[in-house]
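Engineer: Sequence:
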Amino acid sequence: MKHPDEPGNCAVLIVSCDKYKDLWGPCITLFRRFWTNCPYPIYLLSNTEAAEFPNVSSIVTGSDKSWSDNLHIALDTIHEQYVLLYIEDLFLTKKVNSSAVESLIERCISEHWNYLRLNPTPKGDRKIDDAVSYISAGSVYRSSVVFSVWKKDALSSMLKEGESAWDFEEIGTKRTDTLDGFYASNNTLLHASNTVIKGVWEVEALNTVRKLGIEPDTNSRRVMTNKEYALWKLKQMRSLLFHLLPHGIKRKVKEFFR
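Going by the working numbering, the first residue of the sequence shown is number 1, and it counts up by one from there.
In short, the hints are calculated from the structure, not lab data.
Do not rely on the hints blindly, as some may be mistaken.
Once the Cα atoms are required to be at most 25 Å apart in a straight line, the calculated BS3-like pairs of lysine-lysine come out as [stated by the list, open to error]: (1) K123 <-> K94; (2) K160 <-> K198; (3) K21 <-> K174; (4) K152 <-> K123; (5) K95 <-> K123; (6) K94 <-> K211; (7) K227 <-> K198; (8) K65 <-> K123; (9) K227 <-> K65; (10) K65 <-> K174; (11) K160 <-> K65; (12) K211 <-> K95; (13) K233 <-> K94; (14) K233 <-> K211; (15) K227 <-> K94; (16) K123 <-> K235; (17) K227 <-> K19; (18) K198 <-> K19.
Derived DEER-like restraints, expressed as beta-carbon distance ranges [claimed, not checked]: (19) P39 <-> I73: 23 to 29 Å; (20) I128 <-> I73: 33 to 39 Å; (21) Y134 <-> R175: 17 to 23 Å; (22) S157 <-> K94: 30 to 36 Å; (23) S157 <-> E106: 34 to 40 Å; (24) S99 <-> N219: 37 to 43 Å.
Remember, it's a predicted structure, so these values are computed and weren't measured experimentally.
Glycine included, C-beta positions come from ideal geometry on N, C-alpha and C.
Produce the entire structure from the sequences given, and follow the hints as far as they go.
Structural biologist: Listed below in structure tokens is the structure:
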């Protein structure tokens with residue numbers, strides 16, 4: 001493994017903003033607990049509130065313009081050639097096999113991939129070997145940001161001024177069709193809980209976090225109502241059914257219902 005400061009290596013970028021600062025402590029605590037030997041430098045992106053955690057570098061953008069604009073500033077600041085995008089509301093829940101993650105990221109860098117999804121969510125459509133599958137142009141969520149390793153130049157070229165993260169995954173996916181070198185791990189390498197949905201705590205995730213010995217600040221951020229929770233579960237069921245569709249028609253179906 002190269003030293004993190006050498007060009008061509010990878011950095012972890014926790015993409016956040018000030019209104020989610022109540023999640024930074026739990027997120028980083030569980031990151032350190034379950035990925036104790038992470039070899040990559042860690043950056044946290046925010047607006048005006050600097051992150052004050054050991055061995056975490058803060059990138060402050062100033063006024064909040066958009067997810068894409070803020071990310072562009074961060075990419076210009078980071079000197080590593082690859083970034084692992086990490087979202088602040090995804091909390092690790094199991095020990096990370098760091099050697100497996102490092103091995104796949106090293107392969108990504110040495111083979112000059114543009115993109116590597118560390119979890120098969122969704123999986124690639126053309127299996128290369130036991131470790132990875134290729135994500136063909138035309139695939140849904142080809143630009144998914146969750147636990148994704150990007151060649152920094154490729155990511156910068158895909159960002160569009162004013163776009164939200166949702167825009168980037170839904171609309172920006174089409175832009176990635178012009179790029180080759182998109183891969184997804186066949187195995188889940190980072191086990192995590194999606195803790196906050198539309199700004200509120202997801203009930204099951206909150207219970208999971210508490211079982212891990214973390215007591216979130218529910219005064220700063222409320223918990224889902226029963227109605228919100230029921231609607232969220234229905235949405236998850238719809239998503240599961242969607243992923244049963246043949247690969248070739250998924251994007252057309254999404255665009256039809258958009």
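Engineer: It remains to establish, for every hint, whether it holds in the given structure.
Structural biologist: Now the hints, each set against the structure:
1. K123 <-> K94: Cα-Cα ~20 Å, so holds.
2. K160 <-> K198: Distance ~22 Å between K160 and K198 Cα, so the pair holds.
3. K21 <-> K174: Given pair K21, K174 is violated - Cα atoms ~32 Å apart, limit 25 Å.
4. K152 <-> K123: Holds: K152 and K123 sit about 22 Å apart, inside 25 Å.
5. K95 <-> K123: holds (22 Å)
6. K94 <-> K211: The given pair, whose Cα atoms are some 12 Å apart, holds under the 25 Å limit.
7. K227 <-> K198: holds (14 Å)
8. K65 <-> K123: violated (32 Å)
9. K227 <-> K65: Violated, at about 32 Å.
10. K65 <-> K174: Holds, at about 23 Å.
11. K160 <-> K65: holds (12 Å)
12. K211 <-> K95: holds (15 Å)
13. K233 <-> K94: holds (23 Å)
14. K233 <-> K211: OK: K233 and K211 at ~21 Å, within 25 Å.
15. K227 <-> K94: Not OK: K227 and K94 at ~30 Å, beyond 25 Å, violated.
16. K123 <-> K235: Distance ~20 Å between K123 and K235 Cα, so the pair holds.
17. K227 <-> K19: Status holds; Cα separation ~24 Å.
18. K198 <-> K19: holds (12 Å)
19. P39 <-> I73: 23 to 29 Å: holds (25 Å)
20. I128 <-> I73: 33 to 39 Å: holds (34 Å)
21. Y134 <-> R175: 17 to 23 Å: holds (18 Å)
22. S157 <-> K94: 30 to 36 Å: The hinted range 30 to 36 Å holds for S157 and K94, with Cβ atoms some 34 Å apart.
23. S157 <-> E106: 34 to 40 Å: violated (23 Å)
24. S99 <-> N219: 37 to 43 Å: holds (40 Å)
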